[in-house]
Amino acid sequence: YHCGKVVLVERNPQNEIDTKATPQRLYLFEWFISDLEKLRHSLWANLQFWEDVFLDAVAQERDMVGMDQGTVEMMKRYSTLSRVERKRLQLDEDRLLSTLLFNLAAFMLMMRMDVNDIRNKIRRILASCHLGLHYSQQINYLLDQLHKLQANDIDLKPMVSRLMQKK
Numbered sequence: 001y002h003c004g005k006v007v008l009v010e011r012n013p014q015n016e017i018d019t020k021a022t023p024q025r026l027y028l029f030e031w032f033i034s035d036l037e038k039l040r041h042s043l044w045a046n047l048q049f050w051e052d053v054f055l056d057a058v059a060q061e062r063d064m065v066g067m068d069q070g071t072v073e074m075m076k077r078y079s080t081l082s083r084v085e086r087k088r089l090q091l092d093e094d095r096l097l098s099t100l101l102f103n104l105a106a107f108m109l110m111m112r113m114d115v116n117d118i119r120n121k122i123r124r125i126l127a128s129c130h131l132g133l134h135y136s137q138q139i140n141y142l143l144d145q146l147h148k149l150q151a152n153d154i155d156l157k158p159m160v161s162r163l164m165q166k167k
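In my numbering, the protein residues as written are 1 to 167.
Hints are computed from structural coordinates only; laboratory data are not their basis.
Cβ atoms here follow ideal geometry from the backbone N, Cα and C, with glycine treated the same way.
Just so you know, not all the hints are guaranteed correct.
[Claimed, not checked] With a straight-line cut-off of 30 Å between C-alpha atoms, the simulated BS3-like cross-links for lysine-lysine are:
1. Lys157 <-> Lys121
2. Lys76 <-> Lys87
3. Lys148 <-> Lys87
4. Lys148 <-> Lys121
5. Lys87 <-> Lys121
[Claimed, not checked] FRET-style restraints, in silico, Cβ to Cβ:
6. Ala45 <-> Tyr78: 37 to 47 Å
7. Ser128 <-> Gln150: 19 to 29 Å
8. Asp117 <-> Tyr78: 35 to 45 Å
9. Leu89 <-> Asp52: 18 to 28 Å
10. Lys76 <-> Asn152: 40 to 50 Å
From just these sequences and the hints, can you work out the full model?
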């Protein structure tokens, strides 16, 4: 899943390298979930854990971007902004939340969570976020494609704090 599209990757047996001669690549996340039986009783299978991860990530990202500084001051400043500036702030908040939700779905898939559990949890969080139509459509499209994806097929989106230019 790259740039909002499912990319079909075909294997050609004639071009493949002999896996016995060269060691196979093992991703770090695969080591964490190497035993499926342990997965069923582990931290990764706890849906509340994923919601807590999302909430912690939102708090950290908002702090890094500067959205969590003095709520009273921010509310006063918000009331004095023009309609265009208010809309820009709302879109910034939506982008932050949608990026985190998108990446959360990718991490849950990476940890081999049940696709239906991923959909349910992400949609519940999405409903509580009150995202705008554009960003919620992106998340819902990803959720609709989950049955075609596995492991680390989803390219993570860069965090908003990493995209900010330092002045």
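Against the structure, the hints come out as follows:
1. Lys157 <-> Lys121: Holds - the C-alpha atoms of Lys121 and Lys157 are around 19 Å apart, at most 30 Å.
2. Lys76 <-> Lys87: 16 Å, holds
3. Lys148 <-> Lys87: 35 Å, violated
4. Lys148 <-> Lys121: 18 Å, holds
5. Lys87 <-> Lys121: 28 Å, holds
6. Ala45 <-> Tyr78: 37 to 47 Å: Roughly 40 Å apart at Cβ, these two residues keep to the hinted range, so it holds.
7. Ser128 <-> Gln150: 19 to 29 Å: With a Cβ separation near 28 Å, Ser128 and Gln150 satisfy 19 to 29 Å, so the hint holds.
8. Asp117 <-> Tyr78: 35 to 45 Å: 37 Å, holds
9. Leu89 <-> Asp52: 18 to 28 Å: Distance hint for Leu89, Asp52 holds at roughly 26 Å.
10. Lys76 <-> Asn152: 40 to 50 Å: At roughly 44 Å between Cβ atoms, Asn152 and Lys76 fall inside 40 to 50 Å, so the hint holds.
The structure fails to meet hint 3 from the earlier list, while all remaining hints are met.
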